[in-house]
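Peer 1: So the chains spell out like this:
Protein chains: 2
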Amino acid sequence: MSATPGGFRELGGPASQQGMRRANLALVLGAVTRLGAASRAQLSESTGLTRAAVGSLVGDLIDARLVREGAVSLDGRVGRPSTALIVNDRGPCGLGLEIGVEHLGACVVDLRHEVRVRIRRPLPARGRTPQETLGALAGLALEALAEAAGHGLEPAGVAVAVPGLVAKTGVVAHAPNLGWREVDVAAALSPLLPEPLRWLPVDVDNEANLGALAELWHGAVGRDFVHVSAAAGIGGALVTDGMLLRGRRGFAGELGHVPVYPDGPACPCGSHGCLEQYAGEEAVLRASGLRGVPGDRVSLLAAEAAAGRVRVTRALADAGRALGIALAGAVNLADPEKVVLGGAYAELAAWLVPAMQAELGARVRIRPWDPAGLTVSALRREGPVVGAATSAVQRVIDDPSSLRT
Amino acid sequence: MSATPGGFRELGGPASQQGMRRANLALVLGAVTRLGAASRAQLSESTGLTRAAVGSLVGDLIDARLVREGAVSLDGRVGRPSTALIVNDRGPCGLGLEIGVEHLGACVVDLRHEVRVRIRRPLPARGRTPQETLGALAGLALEALAEAAGHGLEPAGVAVAVPGLVAKTGVVAHAPNLGWREVDVAAALSPLLPEPLRWLPVDVDNEANLGALAELWHGAVGRDFVHVSAAAGIGGALVTDGMLLRGRRGFAGELGHVPVYPDGPACPCGSHGCLEQYAGEEAVLRASGLRGVPGDRVSLLAAEAAAGRVRVTRALADAGRALGIALAGAVNLADPEKVVLGGAYAELAAWLVPAMQAELGARVRIRPWDPAGLTVSALRREGPVVGAATSAVQRVIDDPSSLRT
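Protein sequence lines correspond, in order, to chains B and H. 20 is the number of the first residue of the first sequence in this note's numbering; add one for each residue after it. 20 is the number of the first residue of the second sequence in this note's numbering; add one for each residue after it.
It is possible that some hints are incorrect.
[Stated by the list, open to error] If the Cβ cut is set under 7 Å, some of the chain H residues that face chain B in the computed set are: (1) Leu142; (2) Glu273; (3) Pro281.
[Said to hold, decoys possible] Below 16 Å or equal to it, Euclidean Cα-Cα: the simulated EDC-like pairs (lysine to aspartate or glutamate) are: (4) Lys187/H / Glu166/H; (5) Lys187/H / Asp260/B; (6) Lys187/H / Asp203/H; (7) Lys187/B / Glu173/B; (8) Lys187/B / Glu356/H; (9) Lys187/B / Asp203/B; (10) Lys187/B / Asp260/H; (11) Lys187/H / Glu356/B.
If you are wondering where the hints come from, they were derived from the structure by calculation, not from laboratory data. By construction, the Cβ of each residue, glycine as well, lies at the ideal position given by its N, Cα and C atoms.
Turn these sequences into a full structure, and let the hints steer you where they fit.
Peer 2: Here is the structure:
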């Protein structure tokens, strides 16, 4: 069946001229993005809109600094020379912010999806109030924007990546590794930001969701994948036909609490045998004999494994086995094209992947598992903050008329 | 974050006058459906379209026999009397067909989503070629349509429920319980149908998908749920925001092959410890000591359990435990509002539910499991064929301009 109908259609407004213009602005901006550089005539051909309509829409996009005029060319044809239109790399941009357990991050992405500014600063969140942490984050935002201004970029929106459950309202319901409960990050952060930023939309999202969206926008994994990443906890995300599955309350993706061995060890969540008990950072460090060692534990694990320390490579293989079992269930349920290893797992992939492939191959049998379906993120631990910045600029690309000027 | 952007917008056609009319036809038909009976003035108010536009759109809907004029009323106001418009219960309808392992089914649903015709006939598929089975199914279709014609109903589309993996092309890739591989049901069935039916679109879908869609359209479970049903195998389906998740190749929902105890018994699929080894029909019959008994095994299990036979109630409780473990994983991953027990499970719910609730309560801890989230389908084993018929008529409701007249 081709269509996936969803009950009787909700009553929205009627299709309107205004709605058409809005959709067509996005259509033309999308065409400029895809063509790289295009004349008005080429845009008309590519979108099916008349030249007059394209001319008017391009005028609006130029006024909003989303598109700019580039080189003039004769197209090798007789007639008027045409001006190439290109996506503006000096206009609106997205600001991404990240609250980690041990660091803060900031990132600026332009309309072409290029990362232009990237700052990462160690700062343990433990022992700080949300207000203190958000104050430091506002300072980092200011730094990032000063650097962006040097490139001629102005923020059009802000998104914040948080290691915790974020309700659909944007409120952080629970971030156990930060010790936060019911923190309205957008409401608390906005007043701390300087003037132009204070009035921009601030989105808040789970780091694993943003890591998965970063993969969608920057990776080469297509539009149907399961993304699994490790940071403080294990984050899962299901992207299907380019859409992130968020769930009823926005809490989807808790792969870390999928039962692997139902009678296994107790998990702090209250259940038994959850994936985190086998493949979470604490579990792997404990099995490796490295628990309590200070510093960047992921780099340490990678170094020890690379040096051939058997206890570490065995701990990572065991984690890979548990990941493979949990992901086999997710693949059987969701039939994705790819499984993507992100975050800290990407840096440990060499020691996780063989056991994961063995389990996926043994347990995805309804149609044979293709080992090429398991891929490793190139963004690694940068995924969430890059995803945050990109989501903020993508909002403008999807709906140019939303830009506040 | 409110929006779920999906990368750069695909280049479709521009928003057009024709597309607007198409959307507005659906808008008006949807409003008539929701209001029950409405005057043109009320439709204008409800949709935001002008009275002139509503008048013209209603004219088209009447010509297509989707809407008809009902009683004339004075609305209690001074002025012209107005005619109530209602959804036509004597116009286009959907024909659903079902290929079961032991039976064939047919169902007719009208534009109001009411079931008007229902036929179920025992016919074991084993030992018959696909051509023979489809020949018998075409005969059943004819019977159902003769009955529908008696109600003044004419088929607008056909959908077929199949117990197997259906590729997005509509081809049945594998139906192990029928012994079918790579059967193009639509291509084989259409020539067997009589004249008017032969030219209609024939959709083919997995029975568990159609059972879940029936729940979406006819049940009271909202738009975000996991549906798990038992027929020959175990069928899972995830509906999120009113959309059925189909997966990259259309093979999503294989809850029956989610690992429950990874080192458990071998499954015919090639894996170990799959849910089907604990909660599939064969496993439950074996554990109940009822394997090989002829007749309707589901009714037999229910009767034996109701009579208090301990071996049967224990087998069902064990199945419920395994279902609870697998569903806890699915709930942690997808954050649905409801879990719906359908098909044969609905008839055995009394003995499955207590163990399922215990496991869900113990394993969905990130946010507490609400026992009211587990519900039982009222459609039971009728779900797939009712879903097939409804999907065929829903296609017209979603896009009235698709109706072939």
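Peer 1: Please go over all the hints and tell whether each is borne out by the structure.
Peer 2: Structure-based check of all given hints:
With 7 Å as the threshold, the beta carbon of Leu142/H stays out of range of chain B, its nearest partner Cβ sitting at about 24 Å, so the hint is violated. Restraint check, Glu273/H versus chain B: the minimum CB separation of about 4 Å is within 7 Å; hint holds. The restraint placing Pro281/H at the interface with chain B holds, with a minimum CB-CB distance near 5 Å, inside the 7 Å limit. Of the supplied pair hints, the one linking Lys187/H and Glu166/H is violated, its CA atoms being roughly 32 Å apart against a limit of 16 Å.
With a C-alpha separation of about 13 Å, the suggested pairing of Lys187/H with Asp260/B holds against the 16 Å cut-off. The hinted pair formed by Lys187/H and Asp203/H meets the criterion: a straight-line CA distance of about 12 Å does not exceed 16 Å. Distance restraint check for Lys187/B and Glu173/B: the Cα-Cα separation of roughly 27 Å exceeds the 16 Å cut-off, and the hinted pair is therefore not satisfied. The hinted pair formed by Lys187/B and Glu356/H meets the criterion: a straight-line CA distance of about 14 Å does not exceed 16 Å.
Restraint check for Lys187/B and Asp203/B: satisfied, since their Cα atoms lie roughly 12 Å apart, inside the 16 Å limit. The suggested pairing of Lys187/B with Asp260/H holds, with an alpha-carbon distance near 13 Å, which does not exceed 16 Å. Between Lys187/H and Glu356/B the alpha-carbon distance is near 14 Å, which keeps this suggested pair within the 16 Å criterion.
The structure fails hints 1, 4 and 7 (numbered hints given earlier, in ascending order).
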